[in-house]
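Could you build all of it, start to finish, from the sequences and the hints given here?
Protein sequence lines, in the order shown, are assigned to chains A and B. Numbering (the numbering used here) for the first sequence: 1 to 360. Numbering (the numbering used here) for the second sequence: 1001 to 1360.
In case anyone wonders, no lab produced these hints; they're calculated from the structure. Keep in mind that a hint or two might mislead.
[Said to hold, decoys possible] Straight-line Cα separation of at most 25 Å, PhoX-like style, residue types lysine-lysine; simulated pairs:
{"#": "1", "chain 1": "A", "residue 1": "Lys356", "chain 2": "A", "residue 2": "Lys200"}
{"#": "2", "chain 1": "B", "residue 1": "Lys1080", "chain 2": "A", "residue 2": "Lys5"}
{"#": "3", "chain 1": "B", "residue 1": "Lys1356", "chain 2": "A", "residue 2": "Lys80"}
{"#": "4", "chain 1": "B", "residue 1": "Lys1313", "chain 2": "B", "residue 2": "Lys1257"}
{"#": "5", "chain 1": "A", "residue 1": "Lys90", "chain 2": "B", "residue 2": "Lys1313"}
{"#": "6", "chain 1": "A", "residue 1": "Lys200", "chain 2": "B", "residue 2": "Lys1080"}
{"#": "7", "chain 1": "A", "residue 1": "Lys80", "chain 2": "B", "residue 2": "Lys1207"}
{"#": "8", "chain 1": "A", "residue 1": "Lys207", "chain 2": "A", "residue 2": "Lys335"}
[Stated by the list, open to error] Only part of the chain B face toward chain A is listed, based on derived beta-carbon distances under 8 Å:
{"#": "9", "residue": "Val1003"}
{"#": "10", "residue": "Glu1006"}
{"#": "11", "residue": "Phe1013"}
{"#": "12", "residue": "Tyr1016"}
{"#": "13", "residue": "Leu1019"}
{"#": "14", "residue": "Met1032"}
{"#": "15", "residue": "Asn1146"}
{"#": "16", "residue": "Phe1183"}
On a predicted model such as this, the values are computed, not experimentally measured, just so you know. Here a beta-carbon is modelled for each residue, glycine too, at the ideal position from N, C-alpha and C.
In case you want the letters, here they are:
There are 2 protein chains.
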Amino acid sequence: SPVDKEVDFANYFCTYAFLFHQKEMLSDRVRMDAYYNSVFQNKHHFVGKTVLDVGTGSGILAIWSAQAGARKVYAVEATKMAVHAGELVKSNNLQDVIEVIEGSIEDITLPEKVDVIISEWMGYFLLRESMFDSVIYARDRWLKPNGVMYPSHARMYLAPIRSGLSDHKMRDYEGAMDDWHGFLKETEACYGVNMNVLTKPFSEEQKKYYLQTSLWNSLHPNQVIGTPAILKEIDCLKVTVEDILKVEASVKSLVTKEDTWLSGFGGWFDVQFKGSEENPAECNVELTTAPSQDDGTHWGQQVFVLHPCVRVKEGEEVYVNFSMTRAEDNHRLMKVDLGYSIKQSSGNMLPRVEKKFFIE
Amino acid sequence: SPVDKEVDFANYFCTYAFLFHQKEMLSDRVRMDAYYNSVFQNKHHFVGKTVLDVGTGSGILAIWSAQAGARKVYAVEATKMAVHAGELVKSNNLQDVIEVIEGSIEDITLPEKVDVIISEWMGYFLLRESMFDSVIYARDRWLKPNGVMYPSHARMYLAPIRSGLSDHKMRDYEGAMDDWHGFLKETEACYGVNMNVLTKPFSEEQKKYYLQTSLWNSLHPNQVIGTPAILKEIDCLKVTVEDILKVEASVKSLVTKEDTWLSGFGGWFDVQFKGSEENPAECNVELTTAPSQDDGTHWGQQVFVLHPCVRVKEGEEVYVNFSMTRAEDNHRLMKVDLGYSIKQSSGNMLPRVEKKFFIE
Ligand SMILES: Nc1ncnc2c1ncn2[C@@H]1O[C@H](CSCC[C@H](N)C(=O)O)[C@@H](O)[C@H]1O
Ligand SMILES: Nc1ncnc2c1ncn2[C@@H]1O[C@H](CSCC[C@H](N)C(=O)O)[C@@H](O)[C@H]1O
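Below you can see the structure in the form of structure tokens.
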């Protein structure tokens, strides 16, 4: 279904028009360090070059590109934040190098093709927001044949985890249903209407909300109880939109904790700044959003909780079938089918369990 | 500007598609009692009559109308909630009387005109959501010449209040600015970019968010420090959309507390079910959302906070110029210009203060 631009603004772009939100991203030290180092430790990619910043927001990546020596930087931003980016560019005296353009990357035109495309397009669990589509579009239209992408590569991970969230969310759900039953009694007693026919749809709505919607969480590395598996590897120079419409993988994780609970799965991503084969980076920088005690990011991890939790032991293997596609009614949100089965040390395979989740 | 229907769904209707939200309204005892009593204590308006329920939601008002003896009820609902309303109607065995129609009231057609229009269209501070436009539209198109409106009348009130919210929000704003200044230092020190040019727009954004956006609050009657003034009276049978596009009033409130702080103004509304002149109610029912210790509603009150607060004394008069119009970019939200000046007991008039607020 084609995207209604006005709806997309109401649902998606609106948040980016707030400086408060841009500031949150600008305050993410792990994110900032990675982009900063990727630019300034690879100046040869920028000196005298033309750069396109897709979704410049406050303008930060465009400014760094210019400071690293770019000849010309096109900084494109769909929201009114473009106005602030322009002010920031000017107050840092870079208005001769950076041209801020307000508009969707899909709608604007540039006077030339560029040597570098830089963009911070990653959403929760990498692909939420589907902004990478716009970067691919920009690459196909505006990147020179030997140009480089910043970042150049991306990977998605999944790992079995233990977490109190599973019980917590189950209690929330049960609380909502208790409430509902009290409500039913009152509505019948005081207002003469029996609403019991709505119990099932209400329960489904609440289940979806509490149990099937993936949760933002900042996991501690200890909570990861098995080897992380790579779900997807992306070469930003070659990938097509078609390639990322669906993420499908069958992976295996080895339980690494002695005796523990499997309460769900955690998903995260990393991106690399390696340049291209013809034009490699001098210094490879990586930005990871993996569980970390000290270097958490605003992306955190996405947690898919299981009910009930499952007892697992070191050496057992968790076989996971993962499939992620876009929500029918909003191409920037995702739905996930996740099936898993546990192979015990004896070789015995426990029955497969299938779950559906939503990344909202 | 014409309303983009898809955007309106994304921004507005979407919440009503959740049973959880309908349940919140159905759990508001003050609201429920008022509509229930208005229908069952005025059965003469319903027995053998045709009724239109504009925005039936779960179907509750349509069901009561049928139970009170209506010959036919058209229950129109724009969202998928219509499906649940249909189920509820059926499980209460009223499918021969009630016809649930999924669609906007502006888009659907009925086979006949109706004797009664019932609707629960009231938003925060009465007019937020602008749903009353749809009821007026329905009235002009589908109500018989001698038909009645449920509710029949509505009033908006404003009163001076004292509240800790004023200080609280000022502290939030100051905290956000402190944070910002730390952020500026870091961004300059670590990443070589001076963002000071964004301080003013950031401050304005935060001021709008913390200080100029009206707040939902459940005020205690003690917090009302002066006589409430009526800002607007609406006869639901006669009012036009034009009449409610702008609410403008110059009113006066007498301070009734001995020696206190004026920290802002509280806004609320009431509606009456009085039938029409030709066809009056047998029993007048009123639904008020005024500050109340025991009978609060989910509407609460809208609070407009002042900074700084002002010391006021019993007998002083607060002269208020109030003007509310719709937001340019979203016809369901409002902006408010509120000017006030205090007339001291000596007759001395303090200088007028002008404030702008947003009802989001
Ligand atoms: N198709 C598109 N065209 C232009 N801008 C887009 C876009 N899709 C997303 N954006 C913008 O891209 C930004 C992503 S957030 C990253 C902002 C900035 N580059 C930084 O790193 O801090 C948002 O400001 C969003 O409004
Ligand atoms: N123009 C329109 N056409 C049809 N339904 C509308 C509408 N504008 C608002 N609505 C619906 O009106 C409802 C208002 S909430 C009230 C629900 C129900 N009558 C009750 O009293 O509990 C929402 O469900 C909303 O989706």
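Against the structure, the hints:
{"no.": "1", "hint": "A:Lys356 with A:Lys200", "result": "18 Å, holds"}
{"no.": "2", "hint": "B:Lys1080 with A:Lys5", "result": "23 Å, holds"}
{"no.": "3", "hint": "B:Lys1356 with A:Lys80", "result": "22 Å, holds"}
{"no.": "4", "hint": "B:Lys1313 with B:Lys1257", "result": "7 Å, holds"}
{"no.": "5", "hint": "A:Lys90 with B:Lys1313", "result": "51 Å, violated"}
{"no.": "6", "hint": "A:Lys200 with B:Lys1080", "result": "16 Å, holds"}
{"no.": "7", "hint": "A:Lys80 with B:Lys1207", "result": "18 Å, holds"}
{"no.": "8", "hint": "A:Lys207 with A:Lys335", "result": "15 Å, holds"}
{"no.": "9", "hint": "Val1003", "result": "10 Å, violated"}
{"no.": "10", "hint": "Glu1006", "result": "5 Å, holds"}
{"no.": "11", "hint": "Phe1013", "result": "12 Å, violated"}
{"no.": "12", "hint": "Tyr1016", "result": "13 Å, violated"}
{"no.": "13", "hint": "Leu1019", "result": "5 Å, holds"}
{"no.": "14", "hint": "Met1032", "result": "6 Å, holds"}
{"no.": "15", "hint": "Asn1146", "result": "29 Å, violated"}
{"no.": "16", "hint": "Phe1183", "result": "6 Å, holds"}
Figure legend: structure checked against the earlier numbered hints; hints not met, in rising order: 5, 9, 11, 12 and 15.
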